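For the record, the sequence lines run as chains A, B and C. Heads up: the first sequence begins at 0 in numbering that gives the first Met the number 0, then just goes up one per residue. Heads up: the second sequence begins at 0 in numbering that gives the first Met the number 0, then just goes up one per residue. Heads up: the third sequence begins at 0 in numbering that gives the first Met the number 0, then just goes up one per residue.
You can take every hint at face value.
Each computed DSBU-like pair below joins lysine-lysine, with the alpha-carbon atoms no more than 30 angstroms apart: (1) C/K171 with B/K151; (2) A/K342 with C/K88; (3) C/K171 with B/K149; (4) C/K122 with A/K367; (5) C/K33 with C/K88; (6) A/K332 with C/K145; (7) C/K88 with A/K74; (8) C/K166 with B/K149; (9) C/K33 with A/K342; (10) C/K33 with C/K13; (11) A/K74 with C/K167.
Calculated Cβ distances over 12 angstroms to all of chain B for the following chain C residues: (12) V18; (13) G23; (14) F43; (15) D47; (16) E49; (17) Y64; (18) P65; (19) E67; (20) P68; (21) A81; (22) N82; (23) P92; (24) S100; (25) N124; (26) D128; (27) L129.
Simulated restraints, written as ranges between beta carbons of each label pair: (28) A/S226 with B/K151: 52 to 62 angstroms; (29) C/D146 with A/M324: 40 to 50 angstroms; (30) B/P124 with A/M324: 46 to 56 angstroms; (31) C/K11 with A/E389: 38 to 48 angstroms; (32) C/K167 with B/E148: 20 to 30 angstroms; (33) C/V21 with A/A142: 51 to 61 angstroms; (34) A/K311 with C/E153: 26 to 36 angstroms; (35) A/Q217 with B/R54: 28 to 38 angstroms; (36) A/S18 with C/N159: 52 to 62 angstroms; (37) B/R54 with A/G186: 27 to 37 angstroms; (38) B/P92 with A/E389: 34 to 44 angstroms; (39) C/D146 with A/Q217: 51 to 61 angstroms; (40) C/P15 with A/F331: 49 to 59 angstroms.
Calculated from the structure, these hints are not laboratory results. Model, not experiment: these values are computed from the prediction. Cβ coordinates follow ideal geometry from the N, Cα and C atoms, glycine included.
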Amino acid sequence: MADLRELETTLDELKHLFSERAQTGETMVLNMGPQHPSTHGVLRLILELDGETVVHAIPDIGYLHTGIEKNMEAKTYLQALVMTDRLDYLNNIGNNLTYCLAIEKLMDVQVPERAQVLRVLMAELQRIASHLVWLGTHCIDLAALSILLYCFRDREHIMDIFEMVSGQRMMTSYIRPGGVWRDVPPGFEEAVKDFLDYIPAKLDDYERLLTNNPIFKQRTQDVGYVSAEAALMWGMTGPSLRGSGVNYDVRKAMPYCGYETYEFDVPLETGGDVYARYRCRMREFRESIKICRQALDRLSKTKGPVITSDRKVAPPPRSELSTSMEALIHHFKLFTEGFSPPKGEVYAATESPRGELGVYLVSGGAPKPRRVHYRCPSFANLQVLNYVAEGHLVADLVAIVGSIDIVLGDVDR
Amino acid sequence: MGLEQKLGNMGVVTMTLEQTVNWSRTNAMWPMLFGLACCAMEMISMQAPAYDVSRFGMELMRASPRQSDLMIVAGRVSRKMAPVLRRLYDQMPDPKWVVAMGDCASCGGIFNNYAIVQGVDEVVPVDVYVAGCPPRPEALIHGLMTLHEKVKKEKITTWK
Amino acid sequence: MNHVEKTVAAIKAKFPEAVEDVIGFRGETTVVVKPESILAVSRFIHDDPELNYTYLADLAGVDYYPDEPRFAISYIPYAMAANARFRLKVYLPGDDPQLDSVTGVWRNADWFEREAFDMLGIKFNNHPDLRRLLMPADWVGHPHRKDYPLGYEEVQFSFNWREVDAKKPYAKD
Numbered sequence: 000m001a002d003l004r005e006l007e008t009t010l011d012e013l014k015h016l017f018s019e020r021a022q023t024g025e026t027m028v029l030n031m032g033p034q035h036p037s038t039h040g041v042l043r044l045i046l047e048l049d050g051e052t053v054v055h056a057i058p059d060i061g062y063l064h065t066g067i068e069k070n071m072e073a074k075t076y077l078q079a080l081v082m083t084d085r086l087d088y089l090n091n092i093g094n095n096l097t098y099c100l101a102i103e104k105l106m107d108v109q110v111p112e113r114a115q116v117l118r119v120l121m122a123e124l125q126r127i128a129s130h131l132v133w134l135g136t137h138c139i140d141l142a143a144l145s146i147l148l149y150c151f152r153d154r155e156h157i158m159d160i161f162e163m164v165s166g167q168r169m170m171t172s173y174i175r176p177g178g179v180w181r182d183v184p185p186g187f188e189e190a191v192k193d194f195l196d197y198i199p200a201k202l203d204d205y206e207r208l209l210t211n212n213p214i215f216k217q218r219t220q221d222v223g224y225v226s227a228e229a230a231l232m233w234g235m236t237g238p239s240l241r242g243s244g245v246n247y248d249v250r251k252a253m254p255y256c257g258y259e260t261y262e263f264d265v266p267l268e269t270g271g272d273v274y275a276r277y278r279c280r281m282r283e284f285r286e287s288i289k290i291c292r293q294a295l296d297r298l299s300k301t302k303g304p305v306i307t308s309d310r311k312v313a314p315p316p317r318s319e320l321s322t323s324m325e326a327l328i329h330h331f332k333l334f335t336e337g338f339s340p341p342k343g344e345v346y347a348a349t350e351s352p353r354g355e356l357g358v359y360l361v362s363g364g365a366p367k368p369r370r371v372h373y374r375c376p377s378f379a380n381l382q383v384l385n386y387v388a389e390g391h392l393v394a395d396l397v398a399i400v401g402s403i404d405i406v407l408g409d410v411d412r
Numbered sequence: 000m001g002l003e004q005k006l007g008n009m010g011v012v013t014m015t016l017e018q019t020v021n022w023s024r025t026n027a028m029w030p031m032l033f034g035l036a037c038c039a040m041e042m043i044s045m046q047a048p049a050y051d052v053s054r055f056g057m058e059l060m061r062a063s064p065r066q067s068d069l070m071i072v073a074g075r076v077s078r079k080m081a082p083v084l085r086r087l088y089d090q091m092p093d094p095k096w097v098v099a100m101g102d103c104a105s106c107g108g109i110f111n112n113y114a115i116v117q118g119v120d121e122v123v124p125v126d127v128y129v130a131g132c133p134p135r136p137e138a139l140i141h142g143l144m145t146l147h148e149k150v151k152k153e154k155i156t157t158w159k
Numbered sequence: 000m001n002h003v004e005k006t007v008a009a010i011k012a013k014f015p016e017a018v019e020d021v022i023g024f025r026g027e028t029t030v031v032v033k034p035e036s037i038l039a040v041s042r043f044i045h046d047d048p049e050l051n052y053t054y055l056a057d058l059a060g061v062d063y064y065p066d067e068p069r070f071a072i073s074y075i076p077y078a079m080a081a082n083a084r085f086r087l088k089v090y091l092p093g094d095d096p097q098l099d100s101v102t103g104v105w106r107n108a109d110w111f112e113r114e115a116f117d118m119l120g121i122k123f124n125n126h127p128d129l130r131r132l133l134m135p136a137d138w139v140g141h142p143h144r145k146d147y148p149l150g151y152e153e154v155q156f157s158f159n160w161r162e163v164d165a166k167k168p169y170a171k172d
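Required output: the full structure, derived from the provided sequences and hints.
Listed below in structure tokens is the structure:
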């Protein structure tokens with residue numbers, strides 16, 4: 000039997016986290032356990048409640064800790080890529096992309112232009128899919144059940160596109176060091192174009208249902224207010240920060256994959272509450288659709304390879320294996336031993352739907368990474384919960400957790 | 000379901016007790032909301048309109064273990080989560096079934112390390128394993144139909 | 000000169016004995032400082048109105064076993080107004096690694112430092128709440144250290160199916 004002893008924690012060990020009123024019993028310390036419909040995964044919150052009002056809300060994380068970072072040290076760089084999909088499981092392409100950007104920076108590898116366009120297109124489609132899940136789960140927490148069903152219906156179109164390209168709905172591992180895995184099949188461009196024509200009308204429907212809805216506004220306005228200074232102090236990024244009025248988007252500040260050549264705005268809201276973050280993300284949908292259209296346009300005009308021709312990094316196409324001896328040797332070396340980047344360390348960051356996703360990669364000159372550290376946006380954003388939740392009701396707490404948009408795979412790794 | 004005998008046009012059907020109880024147990028099994036990680040996304044997709052699991056009567060996911068029959072362990076179970084999983088399983092009333100969804104729940108998946116329980120059958124007894132990383136919603140529905148067939152074959156002497 | 004070069008020059012001017020090394024690699028600058036001075040340097044780059052590194056992007060721990068010094072903590076401060084990012088690195092010895100906590104300077108270092116403590120065993124002085132974060136509270140050992148085993152379980156193929164099956168702790172009902 001696995002070790003199933005439960006840990007007996009008394010209030011004494013956690014005394015320093017709660018106020019003195021908890022000692023006398025004036026306030027109640029309650030467990031909002033790991034299995035809960037509204038905590039978006041296995042997040043445990045230890046709440047100190049004064050009636051229904053929250054005095055402290057302490058997150059207890061680690062229920063999904065997978066040791067991915069340590070496990071990646073035991074695999075070659077390409078094998079470790081497969082594990083990166085499973086970190087933030089709503090942003091699979093983004094995780095792959097950040098890891099590959101770090102490797103390419105370390106090895107000083109140029110990525111061909113068609114691959115850059117494909118990367119941007121896939122990343123923005125992934126952003127739309129992630130925001131659809133956010134909208135669905137946030138609304139079901141606020142008891143608007145039908146939005147969940149609508150959003151998942153729309154997400155199926157994106158899953159079909161991913162399956163067309165890579166064979167897998169979610170964990171695609173499509174983005175490889177040096178480019179992307181393979182070129183898109185025929186029918187891809189029509190599928191994306193159909194989706195981009197279909198989704199804006201649906202988004203208008205959802206906005207019509209929610210944005211001016213008095214019940215929705217009452218549940219989200221003036222709830223979970225985070226000022227701009229507090230957001231910066233707590234290190235928030237992403238729509239949670241932009242909902243408080245700070246204009247920081249990694250795609251504009253430190254562009255990657257050619258983002259500086261695309262025309263798009265970064266939505267900025269000054270409300271700082273749950274409603275402002277909602278509006279920020281709804282506008283991000285539109286911006287992503289804009290970028291996708293531009294990328295699709297460019298895709299038809301840009302021909303060429305989709306992976307670098309540097310055979311020390313990217314495997315040769317399979318057709319070459321039967322004719323060229325070097326291709327065979329490269330293929331063999333890459334898939335058994337793997338490539339060895341030079342000794343050094345880099346940090347590469349991208350904008351995930353949740354915030355700044357960064358990879359800190361330390362290489363010791365070996366085919367296996369020495370240390371891979373993921374700077375995960377949900378991990379950094381969740382720290383603000385205790386500060387924000389004070390004085391709110393428990394139902395508001397659920398809305399706040401939903402609006403910060405955490406994914407527990409990101410938090411616990 | 001088998002009709003033992005239909006007595007003419009009187010509107011009466013005879014069956015064995017075993018068949019009736021097994022049939023009724025399969026037709027509205029309520030799953031418990033136990034989505035842990037990536038597989039949970041495919042489980043929610045299964046409930047969504049595209050792969051509708053409501054045709055089996057399972058669209059109602061109860062958050063409380065006391066009101067559910069079926070626990071679909073969707074996702075990787077870490078060592079910190081294992082006692083919680085066992086406690087929830089113990090809180091479910093009989094009859095109860097467990098479906099291990101995905102590779103991580105079946106055998107530890109790609110995570111062969113210190114932090115993940117290598118197969119949720121180390122913690123709870125499992126009835127059906129569904130492979131995939133994550134399994135497609137159709138694969139999970141196939142797993143649920145396999146569970147239905149297993150339940151229909153249960154004998155009156157092994158009922159819990 | 001750009002913002003990062005200005006920062007390096009300012010740190011060297013104010014703390015000449017604290018700076019051990021400045022490395023440039025792939026367009027990134029790493030400033031290695033002595034562990035005792037990390038709090039002073041952090042406060043300086045945070046408070047100085049020209050440098051203005053108000054946001055900490057990342058705090059990561061690395062284990063270089065068996066090289067000495069064994070541990071390293073790398074900070075990545077970010078100046079939003081100037082859009083500049085560099086790395087501050089601190090090397091720590093292998094036995095009893097201790098460091099001052101920078102939660103007084105950047106509040107979001109809280110959980111990053113707790114994770115470094117949990118995973119690598121590095122103690123942070125003056126941290127408001129140094130407990131284990133990701134592992135269960137009664138876990139023994141620090142998983143991300145290189146001498147901690149991965150916990151690899153033997154893979155069950157058809158030729159060793161029976162042996163592995165006998166050792167596997169299946170749950171009774």
